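Whole structure, please, built from the sequences with the hints as guidance.
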Amino acid sequence: MATITIPTALRQYADGSASVALEADTVGALLRGLVEQHPTLGKHLFSEQGKLRSFVNIYVGDEDIRYLEGEETPVAGGDVVSIIPAIAGGMYV
Amino acid sequence: MGAHKGHPYMLTLSADAAETIARHAEATYPDECVGLLLGGLDGDVKTVVRALAVENRWAGQVSLADTDNAESRRDRFYLDPRDYLRADREARAAGMDIVGCYHSHPDDPATPSERDRVGAQGVGGGTGFAFVIQSVRDGRAAEVASWLLVAEGARFEQEELALV
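These protein sequence lines map, in sequence, to chains A and B. According to this note's numbering, the residues represented by the first sequence are 659 to 751, in order. According to this note's numbering, the residues represented by the second sequence are 90 to 253, in order.
You may find that some hints are simply not true.
Here are the simulated lysine to aspartate or glutamate pairs, EDC-like style, with alpha carbons at most 20 Å apart [as the list claims (entries may be wrong)]: (1) Lys701(A) to Glu241(B); (2) Lys709(A) to Asp722(A); (3) Lys709(A) to Asp683(A); (4) Lys709(A) to Glu694(A); (5) Lys709(A) to Glu241(B); (6) Lys701(A) to Asp673(A).
It is worth saying that the hints were derived from the structure and are not from the lab. All values derive from a computational prediction rather than experimental measurement.
Shown next as structure tokens:
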């Protein structure tokens with residue numbers, strides 16, 4: 659089982675869970691398993707085309723999956739996969 | 090613009106956290122500062138125990154507007170996911186949660202900009218995640234306000250902020 663942590667802002671779409679443990683071989687399968695359990699999380703993580711949203715970051719341990727194998731990144735039992743929102747902003751146009 | 094009374098959300102800020110935010114905003118002036126708010130959630134009421142200063146690592150990582158200048162932290166901020174991850178681990182280890190974030194508006198009111206709205210989409214609209222904005226005028230901390238992203242991310246609404 660791998661553990662996937664859910665950021666505070668998205669927990670209301672996951673019945674308040676801070677983390678969920680799931681059996682999966684890849685990050686993509688893990689995320690799909692999570693969305694199966696909590697369907698309303700889906701649109702916050704994926705675009706209508708099914709791609710991970712640009713402001714959603716997925717880390718396996720300390721590594722961004724963009725620099726690993728993306729959704730094909732393998733996960734092993736005991737891995738902690740974190741969903742992390744990117745937050746940016748600024749004053750002027 | 091007064092606090093909206095149509096939603097139950099509220100943020101209480103410890104004197105320590107408020108002081109950390111104010112001093113951080115003054116220290117980085119005229120650049121924007123950014124940080125995370127650690128504390129507890131009790132229903133719709135968030136209690137911020139600690140404000141954790143994070144480095145503003147804006148370098149054009151995300152597209153907020155056509156006029157983005159990757160060099161300017163005077164009017165842009167970026168909260169690096171690695172810093173968020175570190176803060177999240179620290180919070181969980183202490184039995185707390187990240188209940189929001191803060192950033193400063195140098196010589197500008199404590200109201201969110203269109204850029205802030207675009208850059209906040211990662212937290213999802215309609216959650217209680219707090220966006221605290223600290224205004225700084227001529228290098229001195231001025232007003233502070235807390236906002237929530239609502240209506241599926243379409244706009245911000247002010248929430249009540251209490252200093253304790």
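Do the hints match the structure? See the list:
| no. | hint | in the structure |
| --- | --- | --- |
| 1 | Lys701(A) to Glu241(B) | holds, 11 Å |
| 2 | Lys709(A) to Asp722(A) | holds, 16 Å |
| 3 | Lys709(A) to Asp683(A) | holds, 19 Å |
| 4 | Lys709(A) to Glu694(A) | holds, 16 Å |
| 5 | Lys709(A) to Glu241(B) | holds, 19 Å |
| 6 | Lys701(A) to Asp673(A) | holds, 16 Å |
This entry satisfies every hint, going by the numbered hints stated previously.
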